[in-house]
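Trainee: In case you want the letters, here they are:
There are 2 protein chains.
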Amino acid sequence: MSDDAAPEAVRRTPRSRRQILAAGSALVGGGLAEVIALPARAETMGGIENMPPHVPRWMKEPGADVGSQLYGQPSEFEKDVIRNVPKNGKQYTSSASRTPLQELDGIITPNGLFYERHHGGIPAIDPAQHRLMIHGLVERPLLLTMDELRRFPTESHIYFLECSGNPGFEAVKQGKTASDLVGLASCGEWTGVRLKTILEEVGLKPEAKWVVAEGADAAALTRSVPLEKCLDDALLVFSQNGERLRPQQGYPVRLLLPGFEGNMSVKWLRRLNVVAEPAYSREETAKYTDSMPDGTARQFTFTMEAKSIITRPSGTQRIAAGFNEITGLAWSGRGRITGVEVSVDGSTTWQPAVLQQPVLSRAFTRFRYPWAWDGRPTVILSRATDETGYVQPSFADLTAIRGMKSFYHNNAIVPWRIAADGEVSNGYV
Amino acid sequence: MSDDAAPEAVRRTPRSRRQILAAGSALVGGGLAEVIALPARAETMGGIENMPPHVPRWMKEPGADVGSQLYGQPSEFEKDVIRNVPKNGKQYTSSASRTPLQELDGIITPNGLFYERHHGGIPAIDPAQHRLMIHGLVERPLLLTMDELRRFPTESHIYFLECSGNPGFEAVKQGKTASDLVGLASCGEWTGVRLKTILEEVGLKPEAKWVVAEGADAAALTRSVPLEKCLDDALLVFSQNGERLRPQQGYPVRLLLPGFEGNMSVKWLRRLNVVAEPAYSREETAKYTDSMPDGTARQFTFTMEAKSIITRPSGTQRIAAGFNEITGLAWSGRGRITGVEVSVDGSTTWQPAVLQQPVLSRAFTRFRYPWAWDGRPTVILSRATDETGYVQPSFADLTAIRGMKSFYHNNAIVPWRIAADGEVSNGYV
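Those sequence lines, one after another, are chains L and F.
No gaps in the numbering here: position 334 of the first sequence is 334 in full-length UniProt numbering, and each next residue is one more.
No gaps in the numbering here: position 1 of the second sequence is 1 in full-length UniProt numbering, and each next residue is one more.
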């Protein structure tokens, strides 16, 4: 226990002043409770002075049995915290559902709320029947059962995963919530076998330069991956946040390419074909290329660049004047986030946010900034920097180069407008 | 990308040799696949040479719609991966269910499989009606709604939680699986408000020495916590692994005391009474004290000492001769795990295991050790050391001091017996 934590230290201290200052806030002086001006406080305080505390219904009767849920579920009072499915997209087998980022805390996305993007629906694969084939320009092709794959050495890492169209350039004005805008991003702890280990088993021929990954879904989604990535941090993943992959995430096995656009982390992985040239498959020609202003298209734009978004306060939420913690998420496909700056005056001035430790490479990083809102309308924004020195651009700066024809790889700063009544809305509008 | 990862480096290398050596194994020479002697391999290899790969049923028909699960669930093929409830305990409101540790990977326990220990069942609390009162030896008592609590500065940390009776001393011979033996331990990412922040708000009076925490369940579970812990790393938690706490974990708010025995992290928290002396409540007198051989009892034994267990291979699993990765979990209530040693010869010799990075204070630490089983019967064990230098004791060493009357705080080494047929069983038997 640190000296700083000794009771004496606290008693010597003007209430909360040290804590507020430590939080890097401008709120010198009075306590948080004062600044927050807790609305229910005066009314409820009487309860403490005048009577024993109210005994609620749930203390007067036994609760539900232990193990009444052998696989637990969220509280019924959280039934609205669900995946965010576009009204016109829910019935499609090629569509997406978004993580409700504005409802979540920390950096781990629970498996039940992890974003989805499917091209041929979600297959129900029997792991006993599933096989993973590694063939092509190799010395010793392999056909692996899931049990066999699990006998190789394993690793666990916390990595984000993000769809490359998160959101499309034309869509930035349409979203209302943080989920609507960048909910095609989630983060989990993945466990699997290093792809490098398997490629060493099969032995690469000298002409080997790419690996074509194929999924066992109805779309047979196919992407070409540079050999260098396959021999670096690529994983063959069978577990997510401790338990086996969910069907929506590629059960029983998926490719995971940390920092690359999500669709390349091929789900329901059945085939790795080692080749000399890319496959130029549908998903890397007709789709997932970036249209530029001059009519050309950028192909094989794999890496998701540095990005951040304020999740609280964010669109459709309402805040009160006084203390509000600004918090959100930042991530970069190129490595660690080294800093997040927050602006509470429409990007006129920027202040550094506090990053939750540990900051992990290619993982969500939670940032926080303590703020006293004076009740005047304003716009709040966050701006991420990664370990390569790259700084998240404004939408204006990004589109000045990329134009508006592009759909993929929009990592622009997201502005949130705060009205006089505390209503938070999309600052692009 | 490291030079080591360049394709040339791989081609120059006898298959897997570098990888095996890097893994610290004694398996010099032939590749992993050879050592593993993949059983299905010969049979299935023909498929690659002689015909295009088999196209399974799930590639010939569209899969389930996107968003068909607005809150996702595990695969139907994983329906047996559930909480482990004692047959005679399932119907009790005061009982426990265990995490199936032997089925899980990594360090995060998914919320659906987090262990449970309830004393009056699981209350269904309406967060809008719930209040948290902070009173007693304070200058300014507080009664907080959940919305008010969430307006204070927040933190997120990955911490383990463990029941103090995991397992009882007499129970070590009864368990068959890793879950049976130490499944009353789980690990998650918690988000909440530092209790220190709230205690600074209310202002401590000079006589303040303890804080009595009371739950809003039918048992009104009550524990006394030393003020020093409350001013150190204690949290008021409302989120677990990103989403709101599950009802089984204290929804809408619980106390979290990192490294302390689980029952002190009072769930459904309704009251924090700052006092000069402990409450000597039922759960710290009749229960949760440690009976010693001389008939005395140790009281207020808060900290969970360093512990580890091999989860794979473990009881009721079966292994084949050749390469097997030994993996498991280690943790300490006193801080970081600094090392885990593995013995594959019944504790005659010990070798260091590899610790998955990052190693976090008071969190599960995943360890791995590559092993080539020669097919002869043996006993495998793991032994953890924490940053204080404390080494996990054998059951014999522990009981030499503690005797067998005690039920709580058994952190002894767990032995797994491996028979000639590869069957793994409880080494205490």
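Just so you know, the hints here were simulated from the structure itself, not pulled from any lab data.
As the structure is a prediction and not an experimental result, all values here were calculated from the model.
Note that CB positions come from ideal geometry on N, CA and C, so glycine has one too.
Any given hint could turn out to be false.
Chain L residues, not near chain F, derived (Cβ > 12 Å throughout) [stated by the list, open to error]:
#1 84
#2 111
#3 151
#4 385
#5 387
#6 403
No more than 25 Å apart at the CA atoms, straight line, and that leaves these computed lysine-lysine pairs for DSS-like [claimed, not checked]:
#7 205(L) / 287(L)
#8 287(F) / 205(F)
#9 209(F) / 287(F)
#10 287(L) / 60(F)
#11 60(L) / 79(F)
#12 173(L) / 87(L)
#13 209(F) / 87(F)
#14 79(L) / 79(F)
#15 196(F) / 176(F)
Listing some non-contacts, in silico: residues in chain L with all C-beta distances to chain F over 12 Å [to be verified]:
#16 245
#17 374
#18 407
#19 412
Trainee: For each hint given before, does the structure comply? Return the numbers of the non-compliant ones in rising order.
Mentor: Going through the list in order, the structure violates hints 1, 2, 3, 7, 8, 11, 13, 15 and 16 and respects the others.
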